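Given chain Z's structure and the hints, the job is docking chain R onto it.
Listed here are the chains, written in short residue letters.
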Amino acid sequence: MIYRTAIYVLWLREMKRFYRAKSRIIGALAMPLFFLAFLGLGFNRMAIPGISRDVSYIRFLVPGIIGMSLLFSSTFGGLSVLWDREFGFLKEIMVAPVSRISIVLGRIAGGTTTALIQGVLILGISFLMGFRMANPASLFLSFVFMILIAVTFLGLGLIFASKMKDMQGFSIVMNFVIFPLFFFSGALYPLDNFPLWLRYITYIDPLTYGVDGLRSLMIGVSSFPLFSSFIIMIFFSLLMIFLGAYFFEKSESV
Amino acid sequence: MDAIRVENLTKQFNGFVAVDHISFAVRTGELFGLLGPNGAGKTTTINMLSTLLNPTSGQGEVAGFDITKDKDEVRRAIGVVFQEPALDNKLTGKENLEFHAMMYGIDREERRKRIKEVLELVELTDKGSLLVEKYSGGMKRRLEIARGLIQKPKVLFLDEPTLGLDAQTRRHIWDYIKKLNREGGVTIILTTHYMEEADYLCDRVAIIDYGKFVALDTPEKLKDILGGDVVSLEINGDIDWLISELRSFQWIKTITKHNGILSLTMEKGERRIPELINTAQKNGLTVNCVHLRKPSLEDVFIHFTGRTIREQEAGQNESHREMARRRMRR
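Chains as they are written, first to last, in numbering that gives the first Met the number 0: chain Z, 0 to 253; chain R, 0 to 329.
It should be emphasised that the hints constitute simulated quantities derived from the structure, not laboratory data. Mixed in with the good hints, there may be bad ones.
Unchecked claim - Straight-line C-alpha distance at most 27 Å; calculated DSS-like pairs for lysine-lysine:
no. : chain 1 : residue 1 : chain 2 : residue 2
1   : Z       : Lys249    : R       : Lys68
2   : Z       : Lys21     : R       : Lys126
3   : R       : Lys68     : Z       : Lys164
4   : R       : Lys177    : R       : Lys151
5   : Z       : Lys21     : R       : Lys89
6   : R       : Lys93     : Z       : Lys21
7   : R       : Lys68     : Z       : Lys15
8   : R       : Lys178    : Z       : Lys15
9   : Z       : Lys15     : R       : Lys89
10  : R       : Lys178    : R       : Lys115
11  : R       : Lys112    : Z       : Lys162
12  : R       : Lys151    : R       : Lys93
13  : R       : Lys220    : R       : Lys267
14  : Z       : Lys15     : R       : Lys112
15  : Z       : Lys15     : R       : Lys139
16  : Z       : Lys164    : R       : Lys177
17  : Z       : Lys15     : R       : Lys115
18  : R       : Lys68     : R       : Lys93
19  : R       : Lys70     : Z       : Lys249
20  : R       : Lys256    : R       : Lys293
21  : R       : Lys89     : Z       : Lys164
22  : R       : Lys93     : Z       : Lys15
23  : R       : Lys177    : R       : Lys153
24  : R       : Lys70     : Z       : Lys164
Source: prediction; values computed, not measured.
Isolated chain Z, as found in the complex (with noise of 0.2 Å):
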């Protein structure tokens, strides 16, 4: 049922591609770095109610950006099957004598770890600007964050690549589901702040527990214990890759 080599050459020429180009990763980092910036000195001065006086603003801003570049890069990694569509790479791969499920598992690997690189990118710049961990010791359970949250993602990427013929309903994507669930999240901003129904809101929404649990892992400040985020993700990627492997497997390839 699961074919190695097709997840392993899947992922190959994921890497192939993301290597050779690099104009891509840059443009990919920009917006994360420029929000992480910009934000962070215009608002670190400010006392925000929610976070505590012993947090700087862009400490607590840190590992939002990092929730926010894996959620833009994984959901456009799981929308890029459109790109294999329209370029007609697909059919290449859906003629291929392997299980569906490979393909989408071989789509996965390779999306989480572009995804992965940029977190970890995202990560280093920040340390050079000053940024610190609160437990380095916690580093490593800080990518296996980062993964469930490029794994939830990619698997809601493509399931929006499965419903949707061609590219045009990208920013429909883009601007009715990738930016609420950025701004429902609690990347930015305390979610204390919201009224008591936003909330309920950004109870359903993955980025909410991936963001707490990266906060909770780096600079020790959360707003749910560590161990149920921890679960909710892996119920969320669990979800995500079945859901996107199923609609997947449906949708026809020409």
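Chain R in isolation, oriented as in the chain Z frame:
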């Protein structure tokens, strides 16, 4: 045994019937052609047989496996060269082949050998390490054909294999396809809208129009249907009147008219031309030009559909554009 067996295969897209209850069988080792204008349903048929599209109704078997139930087995048995390029432009030619070979589970040693083999075959050995985005259209086409052969398929689908290629490359690919079929024993099913391609390559040809088969036979037999020679007359004046006159001649087998040109088929055309001109003149018409030739598949196509394949395409492009415009407005 038949390599492909299809019964009442049908595909509808939102009510539009692209393939309409077609039935046929391709024998193992045969080179079978689907000839028809763009939009006739050739590619849709290939896509269904190669498991990329699910049929709306009807059955199909490829290499003995059901195209809806045993998709994996079908995929293992076939190779497909798609009409539009299906290459990754950001990978090199070799990497594209490597990707393909690995997807088909071919081990490293074998992979290296076969990739070298197929690259030599399509004369791209020295271009193997170049990114595909630097390839010309013809090179991409050749690379795709090479790729379709790596896994040594039992059945090879070629969707418009020489579309947009120059005459020399086309010749080259034709010879190669023939060799592959004769010496390699690969069953090949190819689609084309080039008459001479179908004529030159195929053991049997199915003419497809508006999703339906209108004829299926060897190119020779299809041309024999017309019987003898084709005499075309370019005439000034009322052709319809002349047509009714000509119908009384027993020796004229078929009469078709398109764009003011009258095409008649008959035995020993060269001996009948004077009589044809006389008849026209008796009816007060001037014959501007007379042309005599052996029938081609083009004539067969006109015979069955009443249009040339090019007229057909022009008409369809028109309606496609109209559809696109309507879609935009929505």
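message: Would the hint linking lysine 256(R) and lysine 293(R) be met if the CA-CA limit is 27 Å?
response: holds (18 Å)
query: Does the alpha-carbon distance linking lysine 21(Z) and lysine 89(R) stay inside the 27 Å limit?
result: holds (12 Å)
- request: Please work out if lysine 178(R) and lysine 15(Z) have their alpha carbons no farther apart than 27 Å.
  value: Answer violated: lysine 178(R) to lysine 15(Z) is near 36 Å, above 27 Å.
- request: For the pair we were handed, lysine 93(R) and lysine 15(Z), check the Cα-Cα distance against 27 Å.
  value: holds (13 Å)
- prompt: Does the structure keep lysine 70(R) and lysine 164(Z) at a Cα separation of 27 Å or less?
  reply: holds (23 Å)
query: Has the given pair, lysine 220(R) with lysine 267(R), been kept, meaning a C-alpha gap of at most 27 Å?
result: holds (18 Å)
- prompt: lysine 68(R) and lysine 15(Z): Cα distance at most 27 Å?
  reply: violated (35 Å)
Holds or violated: lysine 177(R) to lysine 151(R), with C-alpha atoms at most 27 Å apart: holds (16 Å)
query: Taking 27 Å as the top limit, are the C-alpha atoms of lysine 70(R) and lysine 249(Z) close enough?
result: holds (14 Å)
query: Holds or violated: are the alpha carbons of lysine 151(R) and lysine 93(R) at most 27 Å from each other?
result: Within the cut-off at roughly 17 Å; holds.
task: Measure nothing beyond the straight line between the CA atoms of lysine 112(R) and lysine 162(Z); if it is 27 Å or shorter, mark the hint as holding.
output: violated (40 Å)
query: Is the Cα-Cα distance between lysine 15(Z) and lysine 139(R) 27 Å or less?
result: Distance ~20 Å between lysine 15(Z) and lysine 139(R) Cα, so the pair holds.
In summary, the numbered hints that this structure violates are 7, 8, 11, 16, 18.
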